[in-house]
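From these two lone chains plus the hints, build me the complex, please.
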Amino acid sequence: MTEYPDQQIAVALSINGREHRLTFPACATLLDVLRDALALTGAKKGCDMGACGACTVLVDGRRINACLALAAMQDGKEILTIEGLARDGVLHPLQRAFVVHDALQCGYCTPGQIMSAAGLIAEGRASDEASIKEFMSGNLCRCGAYPNIVAAIAAIADAAER
Amino acid sequence: MTASDERSPPRIEAALKVTGAARYATETPVEGVLHAALVVAPIASGRVREIDDRQARAVAGVVAVLSHENAPRIAREGVFIALQTPVVHFAGQVVAIVVAETLMQARRGAAVVKVSYEELPAVTAIGQAVDPPFAPRTAGRTATDSRRGDPESALRDAEVTLERRYTTSTNNHLPLEPHAVIAAWQGDELIVHTTSQAVFAHRLAIAECFGLAVDRVRVVSKYLGGGFGTKGGAWLPVLLLGVMTARQIGRPVKLELTRAQMFTLVGRRQETIQQLTLGATRDGRLTAIVHDTLAQTSTYGDYADPVGTPARVLYACANVATSHRLVRVNAPQPNPMRAPGEGPGSFALESALDELAHALGIDPLELRLRNFADHDQHTGLPWSSNGLLECYRVAARSFGWEKRPREIAALRDGRHRLGWGMASACYPVYRMASEAAVRVAPDGSVKVRCGTQDMGTGTYTVLAQLAASILGIPLARVAVELGDTTLPEGPYSGGSIATASFTPAVEEAARQVCRRLAELAADDPDSPLHGLAADRITIADGYLRSENQSEILADLVARAAPEGVEAVARAAPEEKSRHSSYGYGAVFAEVRVDPELGEVRVTRLTAAYATGRILNPLLARSQFIGGLVGGICMALHEDTVMDERLGRVVSDNLADYLIPVHADMPRFDIHLVDEDDPHLGGGIKGIGMLGTVGTAAAIANAVFHATGRRIRDLPIRLERLLPD
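Protein chains in written order, with my numbering: chain A, 1 to 162; chain B, 163 to 886.
Next comes chain B alone, as it looks inside the complex (with noise of 0.2 Å):
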């Protein structure tokens, strides 16, 4: 599906974005803005003891050098804000600021500040923990530990066990666009142009960090180049230090992150170590499932994934207990990346069904279609919709799927050995308040306004199509303005969220837009429709029609409201629901190793997805090809490589943590399940992390298949798979 088609337009923004004239935050030109580069430490854990500024003062356009020393105090719960006390809790925190006219002029200030540490003996490793694990107060926004029947008992007493350790990585989220913010305050108004996964979030939290009231702060961000996680909360804690900079001095600052800065300061996938246990009858039927999760966490903050929500919500079994607990590392705080806790949860989950499909000879589909769950059993509701069945159907003809081996090691292309395997996929549907605005002006061109953002998601053409299926106009006549806190509010962008929240109240706003449009020409003498029913008058192409008499949209407006015709909407989703809501996928992958070398190549990814309603089939299919390419590469690639001797990060470039390139992408075939689910407001559910959910389980059952070789941990690298 690459042409484009009614229901597919390509994205509205696409002709910006390909010749460049898309402003991304750090491209928006300030008068007089300075450059702000930061020291950060060198050392895992300790105090600075003194911080010598005078050589960085000295260099050519430096205005101000900034650290703890004469630092304005600022304050958020739960935000570990630095420059605030001399304690040095991880490698890579900020210790000092340099601002200067230029960002060489800066980065030379930088290079010259001196900082002498009293070093601490640090944990720079799960491993290295001295204190027992702790449990969190979440995980996600999930419970820390749950618990249904007895699945001790359910484990005594099973006719098959088995007992796992699986364990994934820390990944790091690494938008292709460095964070930045350029910060300009103009008395005790200001303006922060920042890349911002939720520019309202981001807002409140300036303001009641700086005693500001909300509406003297406006924060934008009208293009993002990718965000994954990493452009929301936290990011908030260095967007802080970039107002406070421009605040003390009195100038705007512009402060970007390096590269390498990404790796530290703002946001990491955790490490987990996963303990899984299956019981289950001989013919497959699961018994018990215990799931524990031991994850790292910072030193200063606690963040959990939600990591055993598979566990408890995919599978149908009647003793299940999940747990979460975490070691604090001196090393950077983590935070959701693309698919939270599932993706690395179902790592585990999906792997060891397929082992426990080959331990008792059952085809490892065959084996999920025996424990499909019919209703929610973590919550007792039944499904709002699953359409997981349907998946597994799609997704597994088309791939070929009947015709794979039972043996392993049976596949072979020359040299190498090719292996099949397949994986379930489930992430919750969330959603949040939003309000939008859909005006028509008096040429009969339309506005949609919403303070939500697009970081490549499609938010903007979605936007466009809604407000243009209801007022029945073409998409060329819809222009779209988001990512802007003076638009009504939004929600933010992460977590599969956003659509599904601003979706009902765009087409609020539209619908009340037509039936102003409909009594204003029932109301009007010069209107054909004059006098005819309001409610009987439809929109479409362009025309109000009723009965055999029609008038142009655009003349209606012109005459009857030459100020145009507007209406706010706001959508809130039912506090308390009383179903279950999933977005659900199956993913089936094929992969070529290189037995002698132990490379590993995915061939084929086929994946079927029932997600609610889709706006937009191409872009649709975009983004569940962005979460697969984030599933390989958890798979067989990502890893945020520690020394565990200095607890730095030793990957901190593009070139040595290694994301998947063109040359690593298989041949895709992607299945959008129709799915209609009448218990949703707007009947969306979100598709942005499930496609990053199972694949990695998906890959690594595949490489079983190649080669007999079960891959527990996570990447899969040729170190894995060498010969024995």
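Only chain A is shown next, with the shape it has when bound in the complex (with noise of 0.2 Å):
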């Protein structure tokens, strides 16, 4: 018999504005407890170590790999995902320019590339498109929608400037 130390964990995590009080293995990461606890299923799966950036979310506004996170470290913490970027159904900015821009193909890589372009303005490093590039540049898309999600970026930094 093997025996294998599943610890499991209490937590409280703030996901979008609301407290949710859950167990879970101390190993769990917090794109799994996401994705299978919770059922948002926005923060995808596309590599599990780190290296697409499909499963970005904000955690205290800044951007991270939500499958390099072990849920039980974000006690406490602010947690924003694609599922709550939207305010009572009208779609956030950024949303809204990913859809006119067309920056979306099979939409695998879009609630990524749309979060972390929400830390990326935070961060005052949308100002041109070099940087956008630059720092842009840990969300893989395989379709080839860079060139239009980065318009779209741009568009909403532009106006988040004036």
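Hints were generated in silico from the structure; no laboratory data involved.
The structure displayed is predicted, hence computed values, not measured ones.
It is possible that part of the hints are untrue.
[What the hints assert, rightly or not] To give a feel for the contact side, a few chain A residues facing chain B, derived at Cβ under 8 Å:
# : residue
1 : Gly46
2 : Met49
3 : Ala51
4 : Asp102
5 : Asn148
[Unchecked claim] Pulled from the structure, derived: some chain B residues nowhere near chain A, Cβ distances all over 10 Å:
# : residue
6 : Cys371
7 : Glu528
8 : Arg872
Glycine is no exception: its CB is placed at the ideal position from the N, C-alpha and C atoms.
Here it is, written out as structure tokens:
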């Protein structure tokens, strides 16, 4: 009989402004807790090792790969996922820009791109196209929507600066 | 073209995708679902000697361990299904499946399954092959070999000859969404949620493998996170394992591939070694082309990309021979990946033309103009349409090609060298039969139903546009259902086939609905249009009109056909076409090379495409850019590195296997050349593949122009450009 130390841990997660009291294995990633325990499947699992960015969410306003973060370590932090970006059914300006600029094809990398873009703008790194390209390079897109993604982000960053 | 206009509405499903609400296959909630984890072989050739699963079965939550010792026997011609025998063909092959209540438990179980092997000598690279290369039955959909005229004599007599060897690397498709299946049996009925580019083909294969009537199997694929060729036939072997596991255990099972498993279990673009010989006159007219391709296939299946297609059709040349040969390697089975054959084949042909142009002192574009084919010399048929010359003209002008210096390494930007290169592109038009249903509801809304898939190509949107346009209603009033075998049978999504196939079916169904609406109005005493000739009633803007009378479409349906008005239509291509049909393009690349570091950056890509009727220019442009990005990575990045001692994939993750990122993107300048092809039903040529054709050669040619270094082996990495 093989024994594994399946220590369960109780954590309070604040996700999209809502408190969740959850118990899950101490080794569970934030991504797995979001997708499996909470059915928040907007954050995608593309590689499960921090190489594609499809699972990007904001934690206390900073973008992270949810697949590399232990859920248990997010106790008391504010987590924002793609599901929490639109308010009262109204799309966030970034979401609208992605639609209008056709900044998506299959859509699988899209939530990660948008959350990463939200983090990028907050970091003040959306000032020009070169900076957007450089600092969005952790978010892979296999369909090749890159130039439209950059155009969408630039449009919102410009609007935010005006 | 970022703003949408009437012809270019944004994707109708975009709001679902930008909010995270679109549910992909693995996100389908299924009650009581178990999770499967795969145990794969670390050896490249041999047999499983013994499987000890005692420790795995003792892991908390583990429900079952399947291997060749206890798995049900299933078979399908031409498909290698694991767990049927102890034989191991390649490193990464599935040798056991562990099923548990949670994925974590299944993976724990898989980690402690003890497998011992009897290892056999393996061929792990084309160069190690002992057996001579053999001729496959086909090369893609084309003949293995071709021959016209007398290439040998023509080469002997040619004023100029050029003989070169080009190689392309193994690539993997790697859509961002990993493959997944959730199989749930209910008695003899089965529902399969899966990442499918071909729900009907998958349904048929599953039904036949498990001895079921096709109407007992439902395959669903509503949102697909990319495909590029890996989620059709290549996915079937593992998909079948998922279904088999669920059947064996009697509970729903979810099987998802890890990123690493996507490098071994679901196909690859095969490595090629291409020998290309050109004969020409001194003024650059081709007199002979001989294009011989040697490629890798697996030890258990034959597959050859149609690498020779561009050499057969793209240029006027009386004497052409092409061939495709395969070598068996203990490596995963290759299969079509975006622009299969035409992508790698155009790299060789279009590089060789550039070499010829340089040798003769002729401008590379001028050389191509001198060799334009005014008909298909491979089949002898006339083109249904051929917009290649217009593509050259439009793209060359926009790029500024006339300012290209003939000299090598003449363009500088500080310590960087700039270079300009170009190439032609072609991709054949394929179509298959398709059905589609169009229905107007009593509230005037419309639903289009077609069992095809949208893997990011815009299928949802163009299906809606086609119906909205004929029925004269706003796009917002049209809903689309696809990706489900309960719908009318639609085409698979691959080979640039889908849109060309479903368009005539949807348009015919919509026209039939219009006719019935007109007849309803003419026959209905309560309609203002009563008694008027049905064939003179027009439908637009939500109204039926004739002479000075009109009626709101929704009012008519609600009153005269409260159950709605529906038509189902089928469209199939002509069995034997009297024309040869290809989509065409011309691509121009600018690169910036760091001569000390060997680093290449593509700074500009200008391309023009003539591909028949374009349904949505905004989405078409996006798809062409996607194709061009596929060409950039073929040129500069992608290489599935194999350990030739162990036969394992070394670069089996998205950090080591380079795919282009935001920072690798050039400025794109895309032109869609209008083309009305009267010989194609629906007028559609398909656009998904074409961007990946020619692009790698245009970039390699630009690298030569920048540096004088002719790189004939892809990808062009730093080490290939370092100073000697």
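Task: Restraint satisfaction for asparagine 148 of chain A [CB to CB of chain B, less than 8 Å] - done: At about 6 Å, which falls below the 8 Å cut-off, the nearest Cβ of chain B leaves the hint on asparagine 148 of chain A intact, so it holds.
Task: Nearest-CB test (10 Å) between chain A and arginine 872 of chain B - done: holds (27 Å)
Task: Interface hint for glycine 46 of chain A, Cβ within 8 Å of any Cβ on chain B - done: With Cβ-Cβ at 5 Å, under 8 Å, it holds.
TODO: Verify the interface restraint on alanine 51 of chain A: the C-beta must sit less than 8 Å from at least one C-beta of chain B.
DONE: Interface hint status for alanine 51 of chain A: holds (4 Å vs cutoff 8 Å).
TODO: Report holds if the minimum CB distance from glutamate 528 of chain B to chain A is greater than 10 Å, and violated otherwise.
DONE: holds (31 Å)
Open item on the list: Interface hint check: aspartate 102 of chain A, Cβ to nearest Cβ on chain B, cutoff 8 Å. Holds or violated?
Closed with: holds (5 Å)
Task: Per-residue hint verdict: methionine 49 of chain A, partner chain B, C-beta under 8 Å - done: Since chain B brings a Cβ to about 6 Å from methionine 49 of chain A, closer than 8 Å, the hint holds.
Open item on the list: At 10 Å, judged by beta carbons, does cysteine 371 of chain B keep clear of chain A as stated?
Closed with: holds (28 Å)
Checked against the numbered hints given earlier, this structure breaks none of them.
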